[in-house]
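Same order as they appear, the protein sequences are chains A and B.
For any residue, its number in our numbering is found by taking its place in the first sequence, counting from 1, and adding 1.
For any residue, its number in our numbering is found by taking its place in the second sequence, counting from 1, and adding 17.
Hints were generated in silico from the structure; no laboratory data involved.
Predicted, not measured: the structure shown is a model, and the values here were computed from it.
Virtual Cβ for every residue (Gly too), placed ideally from N, Cα, C.
There could be a bad hint or two in this list.
Straight-line alpha carbon distances no greater than 25 Å define the calculated SDA-like cross-link-like pairs of lysine to any residue that follow [said to hold, decoys possible]:
| no. | chain 1 | residue 1 | chain 2 | residue 2 |
| --- | --- | --- | --- | --- |
| 1 | A | Lys321 | B | Leu147 |
| 2 | A | Lys131 | B | Pro97 |
| 3 | A | Lys29 | A | Arg203 |
| 4 | A | Lys61 | A | Tyr132 |
Not the full set, but computed from the structure, chain B residues with beta-carbon under 10 Å of chain A [stated by the list, open to error]:
| no. | residue |
| --- | --- |
| 5 | Ala49 |
| 6 | Leu73 |
| 7 | Val76 |
| 8 | Val78 |
| 9 | Asn101 |
| 10 | Ala102 |
| 11 | Thr144 |
| 12 | Leu146 |
| 13 | Phe164 |
| 14 | Leu167 |
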Amino acid sequence: MTEVLIKVGFLAVAALNGAIIFTIMDVKGASWMQRRPGPLHVGLRGFIFPLAEILKFVQKEDIIPTEVDRPVFKWAPAYVMVSCVALFAVVPMSPTLVVADLELGVFFALAISSLGTIGVLTAGWSSANKYSLMGGLRAAGQLIAYELPLILAVVGVVIQAETMSLVGIVEKQIEWGVPFVVGGQIVGFLIFMVAATAEMMRVPFDMPIGESELTMGFMTEYSGIRFLIFYISEYMNMFILCAIASTLFLGGYHVPLLPTEWVNFYGPVVLLTKTAILGFILVAVRWSQPRFREDQLQNLAWKILIPASLVNILVTAIMKVGF
Amino acid sequence: MEIFEIVTYFVLLLLVSTAVRVVTTSNVIHAAISLVFTLALTSVLFLLLSTEFVALVLVLVYIGAVIVLFLFGIMITRAPLGKNAELDNDKNKKLGAAIAGSIFFLFSYILVNGFDGEVIITSGSSTELLGEILLSRFVFPFELVSFVLLAALIGGITLARKDEALIDEDQV
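Using the sequences and the hints, build the whole thing.
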């Protein structure tokens, strides 16, 4: 029982810290790229900014409009949050530092990450606002479309590694000597990152939110702590999907040439460094790219990413059987 | 009673209550959300029976895809907030309860008599075993099912497609 409590506590702390680190990275990246002085100089060089942000949202009134469907409206952020936090359970920081090394780890991650769509849809519907409803449908359409390439891109890795356990996949990459991204899964990696960016609803795939033009889509009626949950879930999702991408494609907690017997010591540092590098790329993309139009966004998923990921699976399977 | 049994009965009780709520609520979105919980609890039940693969398929396919498409379809057409009188079909309640009860007894009878105490999986992981059986002994039905799905896919595309020849040019 104590072990379970420790693990749950670890999950919550890891998820929140991951989100906060990525929030800092995002605003600092923005201020660095766009010369915004705030997050670079104010308050311990901008590092206490997330604390101020959280305090601000907690202080704000949690407004619930009178016409909304109260229980559904109140619980909608929880689905999104749960789907993000649960993902942290399967990512290994080192061979032993993992909450649950499931035999079907990859499958678990994909299944759980699909739960967030329900939160988005019910949030849009229960707000009793046509713009929110349209925003929810727009967001769900995007999440459904990009979930397929995300899953299909991972299949290539699973075929190559012959296991669905995330620890097993990393061990296989150590055995191979090079990470899968070098060893034949470069297309899979690119598809995974594009689809993951769309799942996080970040620029250039932020059509569901559209801060200034579409007034936050399905989140229009949310304020205070419930809005904060949606907001922080985005960063949790960003952190965890980057960590999963590092584990599946970039060799996880190990880099070539480092001695494997010390992996328990340097593992977490290596994994977090890889995650941060991927996160930095996402930040750089966010603050330099325009947004996709809705039809371009759907075309990219259905006409380019899904066929490409199917071809990737076919080629990987042929290589696996043939060589 | 062991803790495992207590958990199982607790999950079963919750499962029945959410399942009843799916058919008694008079708001279609509430019904769909109750169905999410019903499926999630069914998945927990499969986890307790240590068949992780089936449990996760239930989450990925039914909650992640089927229910989401349900919600999507309902919201894109008509989903009013509050109670919907059309969904209160009181006169058929007794008939529905009778049919549901008889199906329950029929299935329980078949399951209890067919697999009375028989342990099917004795060693190894259930997922590996499932994969091997699916692609050796049951490979023909497995391929047949994928063929049926392909037919459904093509049928769906045919229905949704805009046929250029059929569109009246004046209307476009």
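Flag every earlier hint the structure violates by its number, smallest first.
Of the numbered hints given earlier, those the structure breaks are 9, 10, 12, 13 and 14, listed in rising order.
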